[in-house]
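Residues per chain, in single letters:
2 protein chains.
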Amino acid sequence: MAIQFNEYYNGRTGLTIGLKQLLFSKQSDYQLVEVFETDTWGNLMTIDGMVMLSQRDEFVYHEMISHIAMFTHPNPQRVLIIGGGDGGTAREVLKHPGVTHVDLVEIDKTVVDASRKYFPGVGNFDNPKLRILHDDGIAFVKNVDTPYDIIIIDGSDPVGPAEGLFKKSFYEDCHEALTADGVLTAQTESPWVESYHHSMKNLFSALDNLFPVSKMYLSFIPLYPAGMWSMACASKKEDPVSDAVITRVEQGMETLGGLNYYNREIHTGCFAIPNFVSDIFKP
Amino acid sequence: MAIQFNEYYNGRTGLTIGLKQLLFSKQSDYQLVEVFETDTWGNLMTIDGMVMLSQRDEFVYHEMISHIAMFTHPNPQRVLIIGGGDGGTAREVLKHPGVTHVDLVEIDKTVVDASRKYFPGVGNFDNPKLRILHDDGIAFVKNVDTPYDIIIIDGSDPVGPAEGLFKKSFYEDCHEALTADGVLTAQTESPWVESYHHSMKNLFSALDNLFPVSKMYLSFIPLYPAGMWSMACASKKEDPVSDAVITRVEQGMETLGGLNYYNREIHTGCFAIPNFVSDIFKP
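Taken in order, these protein sequences are the chains called A and Z.
Using the numbering used here, the letters of the first sequence map in sequence onto residues 528 to 810.
Using the numbering used here, the letters of the second sequence map in sequence onto residues 528 to 810.
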């Protein structure tokens, strides 16, 4: 096997990761799921050759896709995660004491199985508040009976099975499946990867049309393309950087236990968007 | 020649950049300076195998190392840049209309010559307010007659000729060479590169002891290790995120002309530091 993993995002530019050994490789019904032991990042999961997480850096993505939305809602109890089969997002969501029920809808059981085995501590799979469903998330949100306070779209890049997670109709269904003060978060790719700009624009345009508040925020993720990752926070009622939300963050931070990335300053600072990123969305 | 450039920062993890051709290579008295034509980033300059800038991403580093300090000072007129031989920092500083004099002290003439030839538009070398000195910056700051309002330390990594730019005695000399409301900025490496933590800690400890205000801020730089880069802003008087400074940013932004990264929200948002970065500095 190769002693290095490569993921290119612009021409032949990308990330190179030193590998010790291949631990797992399975072509599931949906995608190629692989796990490598790396030289300095612990275990690494890739899907169709794209980095999903490493043991060493996963905290950034999982804290940032969870806590912004969780604090934007005044009292999140029911949470839906689409994708997120590694379990890291569920782990972060379940740190909020008011949560009563989390549905994790991951189409590919292979991802959950690989995470259980090779990423111990990332998932919180045996928490009694968590229900795991191996279902198509796009179909699932069309048939929600009891709405959710929070929906988190934790899918992979807009190619293959995750392509539908960037479409307008999907976000209409999500909007419908949220409570009256519901909040949605989605991963929305790296602003440096031009081939995904079209998908990003479609996604933000859909959110802008559906939600009174819809904002991009950014995180430093070293093993994702260019190290810069965007996410969307869309809310039916409260603005994620309103005074009320900041007060909740200040009062609630302590109860979450040790976090490695997210804090009160990050909660607001991450919404600062460089000009070249805003320019992507100019007509 | 290799068709790809690699810079590793943790084990065999790092950045890979696709190359078209080698344009320039010279072992100067100080270091190996090379310029490549890349596949998607325009021309790329490396020093001793470390990325310095590409035409496509240089705006991030140069805007961020300049404008935070320039707005923190109430009326910056005299500016000293140590390193910065590519000219990008001088270009940004000279956008501020009140600036009367910029000294650029770059030890290696090879860097300036390569930038003039292969990075047209990055430097603003022929501006009459700019004086270029090919001198040792560490020696230079020991003998400053007329103090500076702003000093910007725009050197490379703490190995080779730039090693002294991370030492306490150097910052004592800089402090001495600043006016009573002087502001200093320095590039302070990537928090993800553990081998530089020692140098980062020394530098911030020196600044904390010398200046009443000293803060880290962060930028997304795609071609630097891990895509996350830290800088220090130390000030003798005003806090970079005080209300007075923010008012100056709001009033002065327009006069700078088109910027691609820096804006009013970035000016404050960049000071939000993730927990794992703050933890580097815990005793």
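It is worth saying that the hints were derived from the structure and are not from the lab.
Among the hints, a few may not be true.
[What the hints assert, rightly or not] List of simulated lysine to aspartate or glutamate pairs, EDC-like, C-alpha gap at most 20 angstroms:
1. Lys547/A - Asp662/Z
2. Lys636/Z - Asp672/Z
3. Lys809/A - Asp735/A
4. Lys694/A - Asp640/A
5. Lys809/A - Glu721/A
6. Lys809/A - Glu781/Z
7. Lys547/Z - Glu534/A
8. Lys636/A - Glu561/A
9. Lys763/A - Asp662/A
10. Lys809/A - Asp663/Z
11. Lys809/Z - Glu703/A
12. Lys809/Z - Glu781/A
13. Lys636/A - Asp672/A
14. Lys669/A - Glu699/A
15. Lys728/A - Glu690/A
16. Lys764/A - Glu721/A
17. Lys622/A - Glu721/A
18. Lys553/Z - Asp662/Z
Enumerated hints in conflict with the structure, sorted upward: 1, 2, 4, 9, 10, 11, 13, 16 and 17
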